[in-house]
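Here the protein sequences come in this chain order: A and B.
Just so you know, we're using this note's numbering here: the first sequence kicks off at 478 and counts up by one.
Just so you know, we're using this note's numbering here: the second sequence kicks off at 12 and counts up by one.
Keep in mind the hints are simulated off the structure, nothing from the lab.
Glycine included, C-beta positions come from ideal geometry on N, C-alpha and C.
Be a bit skeptical, because a hint or two may be false.
Stated by the list, open to error - Cβ-Cβ distance ranges computed for the label pairs, FRET-style:
| id | chain 1 | residue 1 | chain 2 | residue 2 | range |
| --- | --- | --- | --- | --- | --- |
| 1 | A | V761 | B | E399 | 35 to 41 Å |
| 2 | B | P395 | A | E798 | 32 to 38 Å |
| 3 | B | E61 | A | D499 | 53 to 59 Å |
| 4 | B | R297 | A | T634 | 57 to 63 Å |
| 5 | B | A15 | A | A593 | 27 to 33 Å |
| 6 | B | P158 | A | A593 | 52 to 58 Å |
| 7 | A | V761 | B | A338 | 40 to 46 Å |
| 8 | A | G773 | B | A392 | 55 to 61 Å |
| 9 | B | A392 | A | A593 | 20 to 26 Å |
| 10 | B | R297 | A | V608 | 36 to 42 Å |
| 11 | A | D818 | B | G364 | 54 to 60 Å |
| 12 | B | E69 | A | A593 | 51 to 57 Å |
| 13 | A | T634 | B | P30 | 56 to 62 Å |
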Amino acid sequence: MRIVAAMSGGVDSAVAAARAVDAGHDVTGIHLALSRNPRSYRSGARGCCSIEDSNDARRAADALGIPFYVWDMSEEFADTVVDDFVAEYTAGRTPNPCLRCNEKIKFAAVLERALALGFDAVATGHYARLVEGPGGVEMHRSADHGKDQSYVLGVLTQEQLRHSLFPLGDTTKDVVRAEAEQRGLQVARKPDSHDICFIADGDNAGWLAEKLGPRPGAIVDESGAVVGEHDGAYAFTVGQRRGLRLGVPAPDGKPRFVLDIEPVSGTVTVGPRASLAVDALHCVRPLWCAAPPVAGEYTVQLRAHGAEHRAVVRADGDRVEVELLDPADGIAPGQACVVYDGTRVVGSATIDRTSRLARS
Amino acid sequence: MTDAPLAYLDHAATTPMWPEAIDVMTSELARLGNASSLHASGRAARRVVEESRELVAERLGARPSEVVFCSGGTEANNLAIKGLYWARRAQDPSRRRVVFSSIEHHALLDPVTWLAKHEDAEIAMTPVDRSGRVVVEALRAEVEADPSAVAAITTMWANNEMGTIQPIDEVVRIAREHDVPVHSDAVQAAGYVPLDFAASELDAMTVTAHKLGGPVGVGALVIRRELDPVALLHGGGQERDIRSGTIGVALIASFATALDLTVERQAASTARIEALRTRLVEGIRRIVPDAIVNGDPTAGPTHRLPNIAHVTFPGCEGDAMLMLLDAQGVECSTGSACAAGVPQPSHVLLAMGYDEVAARGSLRFSLGHTSTEDDVDRLLAVLPTVHERALRAGVR
Numbered sequence: 478m479r480i481v482a483a484m485s486g487g488v489d490s491a492v493a494a495a496r497a498v499d500a501g502h503d504v505t506g507i508h509l510a511l512s513r514n515p516r517s518y519r520s521g522a523r524g525c526c527s528i529e530d531s532n533d534a535r536r537a538a539d540a541l542g543i544p545f546y547v548w549d550m551s552e553e554f555a556d557t558v559v560d561d562f563v564a565e566y567t568a569g570r571t572p573n574p575c576l577r578c579n580e581k582i583k584f585a586a587v588l589e590r591a592l593a594l595g596f597d598a599v600a601t602g603h604y605a606r607l608v609e610g611p612g613g614v615e616m617h618r619s620a621d622h623g624k625d626q627s628y629v630l631g632v633l634t635q636e637q638l639r640h641s642l643f644p645l646g647d648t649t650k651d652v653v654r655a656e657a658e659q660r661g662l663q664v665a666r667k668p669d670s671h672d673i674c675f676i677a678d679g680d681n682a683g684w685l686a687e688k689l690g691p692r693p694g695a696i697v698d699e700s701g702a703v704v705g706e707h708d709g710a711y712a713f714t715v716g717q718r719r720g721l722r723l724g725v726p727a728p729d730g731k732p733r734f735v736l737d738i739e740p741v742s743g744t745v746t747v748g749p750r751a752s753l754a755v756d757a758l759h760c761v762r763p764l765w766c767a768a769p770p771v772a773g774e775y776t777v778q779l780r781a782h783g784a785e786h787r788a789v790v791r792a793d794g795d796r797v798e799v800e801l802l803d804p805a806d807g808i809a810p811g812q813a814c815v816v817y818d819g820t821r822v823v824g825s826a827t828i829d830r831t832s833r834l835a836r837s
Numbered sequence: 012m013t014d015a016p017l018a019y020l021d022h023a024a025t026t027p028m029w030p031e032a033i034d035v036m037t038s039e040l041a042r043l044g045n046a047s048s049l050h051a052s053g054r055a056a057r058r059v060v061e062e063s064r065e066l067v068a069e070r071l072g073a074r075p076s077e078v079v080f081c082s083g084g085t086e087a088n089n090l091a092i093k094g095l096y097w098a099r100r101a102q103d104p105s106r107r108r109v110v111f112s113s114i115e116h117h118a119l120l121d122p123v124t125w126l127a128k129h130e131d132a133e134i135a136m137t138p139v140d141r142s143g144r145v146v147v148e149a150l151r152a153e154v155e156a157d158p159s160a161v162a163a164i165t166t167m168w169a170n171n172e173m174g175t176i177q178p179i180d181e182v183v184r185i186a187r188e189h190d191v192p193v194h195s196d197a198v199q200a201a202g203y204v205p206l207d208f209a210a211s212e213l214d215a216m217t218v219t220a221h222k223l224g225g226p227v228g229v230g231a232l233v234i235r236r237e238l239d240p241v242a243l244l245h246g247g248g249q250e251r252d253i254r255s256g257t258i259g260v261a262l263i264a265s266f267a268t269a270l271d272l273t274v275e276r277q278a279a280s281t282a283r284i285e286a287l288r289t290r291l292v293e294g295i296r297r298i299v300p301d302a303i304v305n306g307d308p309t310a311g312p313t314h315r316l317p318n319i320a321h322v323t324f325p326g327c328e329g330d331a332m333l334m335l336l337d338a339q340g341v342e343c344s345t346g347s348a349c350a351a352g353v354p355q356p357s358h359v360l361l362a363m364g365y366d367e368v369a370a371r372g373s374l375r376f377s378l379g380h381t382s383t384e385d386d387v388d389r390l391l392a393v394l395p396t397v398h399e400r401a402l403r404a405g406v407r
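All chains should be built: construct the whole structure from the sequences, respecting the hints.
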């Protein structure tokens with residue numbers, strides 16, 4: 478097959494590209510320029526948009542003997558990922574931009590361009606397994622459970638999966654690093670990327686504050702009494718405990734958590750841990766890997782590297798109702814609920830609202 | 012080593028060295044001696060440099076003392092525009108305006124904008140017409156708005172993306188009328204049109220070796236003796252005290268050999284290359300009827316370089332086509348600058364009045380002394396599939 482290997486400049490995508498070459502594919506390395514300001518070097522190389530990362534990707538392609546180009550996706554990225562990230566926080570939700578990027582950029586804009594230009598598939602260094610199943614291509618959790626990235630890929634449809642290649646799915650990170658070393662790839666010991674690639678220092682609240690400016694509002698308790706003030710509700714996420722700077726201590730002296738963010742007034746509601754627990758997720762915008770799930774018991778994951786929860790899932794057109802069999806804490810609207818059947822990814826939906834079921 | 016391309020159509024980026032220039036370079040690399048040393052080895056090295064200088068001067072219609080060797084086009088342009096700006100402003104602090112065309116190479120544009128940002132220069136950018144030629148009357152108006160405040164005028168001899176040749180005679184006439192120094196970046200022109208520095212009446216002119224079959228890393232600023240630009244590099248004072256640095260004997264000797272051969276063979280090769288260009292353009296039009304060939308359609312030394320064809324493919328992205336052609340062993344350019352490997356829309360096409368989509372949907376094919384009909388035919392053989400796929404991918 479003719480393959481586009483998306484090469485971020487990290488060790489995973491370099492080894493993924495190498496394995497695609499070994500498998501006999503005709504591989505072209507592509508580095509996606511996602512930042513609008515690619516001239517800036519960044520220390521630490523934690524993200525995926527610096528010139529240093531681009532050079533690392535180029536050098537890995539050199540080592541593999543494959544052609545290498547940079548595709549400028551910065552406009553698409555700004556329009557569909559960064560702007561959405563800001564809009565979601567402004568609306569009081571907590572988005573995951575990596576899912577968005579996979580859905581709209583890596584396996585959409587990039588894949589479509591690759592297919593039009595005569596390629597057959599896009600290979601990435603994600604840790605997830607693709608297997609041929611009775612209902613088409615199935616995506617499963619990675620063999621390396623610690624590194625599993627199937628959560629951020631839960632937005633991919635059958636059509637996207639059929640043109641995707643994850644050569645690292647059967648491997649653990651240790652093996653990938655050792656293999657990179659053995660192949661003589663200079664990125665073998667490069668640190669993993671963390672955080673959100675377009676927020677260089679990992680300070681989401683500071684980055685949002687710079688974008689949105691101060692938007693002061695009140696912090697109230699569950700009774701509606703004002704217990705503090707803040708400079709912008711976008712700095713908070715449901716379940717957050719740190720950085721509340723509350724002037725009025727809780728009556729019971731116990732820590733308080735963000736329970737709710739009301740975007741119009743900017744009111745942030747806080748309360749005790751017990752009030753964080755929810756067991757019903759009302760979700761929208763479902764994206765299924767193949768057929769929608771039949772109503773029944775599944776497991777769901779609610780954040781990257783988060784725990785699995787047993788749940789009853791009912792998909793109904795554009796809406797998905799998820800009943801958690803054990804309550805979960807700190808679930809923020811905007812997060813993705815990815816549904817699993819065993820290790821197989823069924824698909825995902827975006828949490829719109831959470832609630833507590835009245836149970837006996 | 013990668014295999015040689017099947018068709019190299021990017022001679023305006025760099026062109027293969029003449030075998031004679033490689034021979035001279037390798038034999039001179041084996042020579043011992045710093046050209047500034049006073050002993051026999053030094054004198055021998057110096058003799059090679061001065062003979063090369065004489066040859067370069069002769070071939071460019073200049074005097075040997077007017078040839079200042081340096082590292083290439085970027086340095087020569089920086090030396091010319093910054094050096095002249097600083098010198099002229101030192102004579103009269105009111106001289107702060109730099110008049111230049113909107114289609115200059117980045118090696119000229121960026122020093123000018125740097126002067127504006129850091130040295131208080133005032134930018135006076137002259138527009139071009141739809142063929143990429145400076146509008147002389149606009150340049151005149153810029154100068155005459157305040158002639159005594161003009162530090163320098165610069166206009167490239169031929170544009171590197173379009174091949175459009177600029178009205179250097181008229182630019183010089185305006186400069187002379189107002190007694191302002193005038194420079195021209197002749198990097199792209201030098202290999203393909205006759206240059207006569209004295210006859211041009213320019214004050215300064217940039218040339219570089221690797222665009223005409225010499226090595227990368229050497230070029231010259233040809234500059235009248237009475238002009239005394241402020242140096243960029245300070246040190247041993249080699250090269251007229253304008254440019255310090257140990258003299259690169261082998262590079263300079265090879266440059267002189269390449270220029271000599273290029274000029275000697277220019278008349279014959281121009282006709283041959285123009286015929287190849289015609290074959291290329293006609294072939295592209297046959298395959299892609301809506302392709303637009305940009306720049307001046309007329310051939311000849313006052314119109315367009317014989318070796319460049321700049322083509323817009325509507326509905327396609329230049330960098331997608333470049334990649335697909337590359338995969339077929341056909342090498343060309345989008346003609347525009349890159350930032351971190353990301354092609355930027357060509358400032359030249361934008362200046363010519365094209366929109367950003369057209370500016371991103373273009374390729375520059377450039378021919379040279381080693382080009383053959385086979386090179387052109389190889390492009391034409393793969394173009395139908397490449398164009399179809401690029402069209403399918405569309406413009407983002």
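The hints, checked one at a time:
no.	hint	result
1	A/V761 - B/E399: 35 to 41 Å	holds (40 Å)
2	B/P395 - A/E798: 32 to 38 Å	violated (53 Å)
3	B/E61 - A/D499: 53 to 59 Å	holds (58 Å)
4	B/R297 - A/T634: 57 to 63 Å	violated (41 Å)
5	B/A15 - A/A593: 27 to 33 Å	holds (29 Å)
6	B/P158 - A/A593: 52 to 58 Å	holds (55 Å)
7	A/V761 - B/A338: 40 to 46 Å	holds (42 Å)
8	A/G773 - B/A392: 55 to 61 Å	holds (58 Å)
9	B/A392 - A/A593: 20 to 26 Å	holds (21 Å)
10	B/R297 - A/V608: 36 to 42 Å	violated (49 Å)
11	A/D818 - B/G364: 54 to 60 Å	holds (59 Å)
12	B/E69 - A/A593: 51 to 57 Å	holds (54 Å)
13	A/T634 - B/P30: 56 to 62 Å	holds (58 Å)
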